[in-house]
Amino acid sequence: MLDVSRVQKELVEIERDKNLSGVSISLAGDDLARMRGTITGPVGTPYEGGIFTVDINLPTAYPFEPPKMQFITKVWHPNVSSQNGAICLDILKDQWSPALTLKTALLSLQALLSTPEPDDPQDAVVAQQYLRDYNTFVGTARYWTETFARRGSVGINEKVAKLVEMGFSEGAARSALESCGGDENAALEKLCSG
Amino acid sequence: METSDEEKIGSALVPVKNDAAEEFSNDVTDVFTCQICLELVHKPVVNACGHMFCFLCVHLTMNHGWEWAVHGSESSCPLCRRQYMHFPRVCEQLHFFLLHAFPDAYRRRCKEAHVEEIRSKFVSPQFDDGLQLDLTEAIVGESSHSDLDSGKQAAKEAVETISGEGSPLVADTRVDPQRTNSSSSREQEDGYDLEGRSANCKDENEVSSSSTGVATSDLKCSVCNDLLCRPVVLNCGHVFCEECITSRDDAEESALRCSTCSSIHPGQSPSLFLELHDYLDKTFPSEYARRQREMAERNNKSCVPKKSEQLSNKPGDEEKSSFRIVHLGVGCDGCGMFPMIGRGFHCMGCERVPGYDLCLSCYESQTTPAGRFNQKHTREHRMVEIGTHASEDDEYVEDIDDLTEVDGILPSPEF
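Keeping their order, the protein sequence lines are chains A and B. Numbered by the numbering used here, the letters in the first sequence go through residues 1 to 194 in order. Numbered by the numbering used here, the letters in the second sequence go through residues 1 to 415 in order.
Be aware that a few hints might be false.
[Claimed, not checked] Each pair of labels, with its calculated beta carbon distance range:
1) A:65 <-> B:282: 33 to 41 Å
2) B:294 <-> A:57: 48 to 56 Å
3) A:161 <-> B:329: 53 to 61 Å
[To be verified] Simulated pairs of lysine to aspartate or glutamate, EDC-like, Cα-Cα distance not exceeding 20 Å:
4) A:9 <-> B:30
5) A:93 <-> B:74
6) A:103 <-> B:30
7) A:9 <-> B:112
If you are wondering where the hints come from, they were derived from the structure by calculation, not from laboratory data. Positions of the beta carbon are idealized from the N, C-alpha and C atoms, including for glycine.
Given only the sequences and the hints, what does the whole structure look like? Please build it.
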């Protein structure tokens, strides 16, 4: 079963220096197994200025098995699926070690954003573009960051307020926005569809 | 159990307001924290690379390696990824040292860890440490609440802690020197005595640290009978000075043998146990500097080649044939080899979980080593070679057959 005590310690540690580390985490369910992590886009990359949300699922054998992580925010990156946000990173697979934590894993994701590995791709289309036409790749990645990951805490509140005005409850609006990576229209669609 | 479940879970986040809790949140956690469970280390196991973890943490780490079958048959250290094949024994000296140095925190930790061990069915070896952990009590306490509820409750607590500005736990990490001193002096007044153990090893040269009440006699090397200097831990869990095991007289013998229990140290020669080294350096600065000078002088005088260099490429006890049988998920209770390679023997007299198995060389040594998981194995128990049908105990044979079916023939390791 899940090592509750360790996960709590990790959460406290992440909370302690979230301003310095650029990664944060919050619970996404009524137990400790589901969380949402956020990482800030590294400076000097096409992801600069973006805030990327990561869905985190802890297996019951955590920390002896790696956490399952997947981008919720759409990211244009050779090692992240542009379709579903699946991540190709060795420490989330066979190179996981129980001495790693959610914080170090999120920091590794941040590092992955600044150093893509196109030779070991998750998304072949993005990887091809990265290798053949780097300038276009940077342009697309930046455009995706601007479109999907550009949201400050003020921005999200405004979006929530807008949806509340339309007649949705605040909680529903917020969770819809979160699950769509802050995309207003997608959130609205989701709320309308049920 | 005297506390209710909610109190118990809440205490993980909301610090208990007493001296022990504050003492615990100081240096102790930093120096002797297991990097897997992030708690004060319990029944410390030190790998050959010199990294220390709890007994159960090492067991679970090694066990997940094979279930995944991603690390091949070898385990790798969670911190440095150095590969190893043997589950070391608990470092008993360190266990008693922690009990002496941080009585309240370590006792509390032992109780918690004991419950976890019973739940996992893999109990660490019990020492005569006066803790008197009652197995039945822990089981009764455990069955009184469901894991799911505790998880939900803990999640709620976590939310509260995180959402609150300047949460109490974060604020509580500051060191309060006055409190610490008062608590340590209180310990000394209590006359804490490890079953007469600390009283026996007092000597006139003893230096004790003013802050924790720890004496140099707690951390002695049994070879030179002095304060440990650059400590290393062997596979059997015994601690020595680095110099004391590398400059031995019997240098012609190829294998490194423990001078306390005379068991062979398999695999790579042990590296410096850095955490203890740093602790000694901080706690007994002048004494430790003296020891390091002494060792340096001794090292200059002796012209004996370093044992560690000779040992670094030792092929070990493993068979050198091009194929080997690997008993996945089965470890040797003697030398700790995991997974067991080559011929293996299973005890028919011990409980099925965790079971008691020996590799060929431990089986042939006729020493009846104590089990790794506190099994009650005796010489009278019948041992059967794994994979043979020599037993009439049908259920057991089936079980063993299952094991051997999983066994694969793997190419010989590259040494």
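Hint-by-hint comparison with the structure:
{"no.": "1", "hint": "A:65 <-> B:282: 33 to 41 Å", "result": "holds, 36 Å"}
{"no.": "2", "hint": "B:294 <-> A:57: 48 to 56 Å", "result": "holds, 55 Å"}
{"no.": "3", "hint": "A:161 <-> B:329: 53 to 61 Å", "result": "holds, 56 Å"}
{"no.": "4", "hint": "A:9 <-> B:30", "result": "holds, 14 Å"}
{"no.": "5", "hint": "A:93 <-> B:74", "result": "holds, 17 Å"}
{"no.": "6", "hint": "A:103 <-> B:30", "result": "holds, 18 Å"}
{"no.": "7", "hint": "A:9 <-> B:112", "result": "holds, 16 Å"}
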